[in-house]
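For the sequence shown, full-length UniProt numbering gives the first residue as 1, with consecutive numbering after it.
Quick caveat, the hints were computed from the structure, so don't treat them as lab data.
Wrong hints could be hidden among the right ones.
Straight-line alpha carbon distances no greater than 30 Å define the calculated DSS-like cross-link-like pairs of lysine-lysine that follow [said to hold, decoys possible]:
| no. | residue 1 | residue 2 |
| --- | --- | --- |
| 1 | 23 | 37 |
| 2 | 72 | 62 |
| 3 | 83 | 72 |
| 4 | 74 | 62 |
| 5 | 62 | 50 |
| 6 | 50 | 37 |
| 7 | 102 | 83 |
| 8 | 62 | 79 |
| 9 | 100 | 72 |
| 10 | 37 | 21 |
| 11 | 13 | 23 |
| 12 | 41 | 23 |
None of these values were measured; they are calculated from a predicted model.
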Amino acid sequence: MAEELILNELEAKIRALDEYKSKINQLRNENGDLLSKLQSKEQDAMDVIKYLRSENDGLQEKLRIYAQDSEKAKEMTEKIVMKANEDRDFAIAEMETRFKQKEEGRESEVCPSPSCWRFPERVKDRCGSYRR
1 MAEELILNEL
11 EAKIRALDEY
21 KSKINQLRNE
31 NGDLLSKLQS
41 KEQDAMDVIK
51 YLRSENDGLQ
61 EKLRIYAQDS
71 EKAKEMTEKI
81 VMKANEDRDF
91 AIAEMETRFK
101 QKEEGRESEV
111 CPSPSCWRFP
121 ERVKDRCGSY
131 RR
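Assemble the whole structure, with the sequences as input and the hints as a guide.
Spelled out as structure tokens, the structure:
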């Protein structure tokens with residue numbers, strides 16, 4: 001009977017050991033699945049990081065080009081404004097020159113009043129200008 005009792009205890013321990021082995025195998029499989037999922041997620045994260053870095057590089061390049069284009073446009077605008085100001089100043093100077101020439105032409109005209117011919121010092125008194 002003692003042998004039977006020892007045999008039953010051994011069988012119970014063997015069953016318990018088999019259950020532990022089964023549980024260990026189950027946990028190893030679960031661990032392998034989780035490790036596989038982790039590696040997959042890490043790879044996905046690396047792919048996303050790689051994509052974002054390339055997008056960042058592309059956006060930085062676009063920003064650099066935009067800044068260059070903006071600077072060129074600013075310079076062109078400044079040149080256009082300077083040219084417009086020069087043209088305006090030239091037109092004003094030209095109009096002033098024409099106006100002065102007309103005024104000088106009027107001053108050089110002979111006054112139709114006979115008294116102006118005889119008394120040039122009175123030209124301003126009678127005609128309102130120094131015409132001769």
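**Report entry** Ascending list of hint numbers which this structure does not respect
**Finding:** As far as the earlier hints go, only 9 is violated by this structure.
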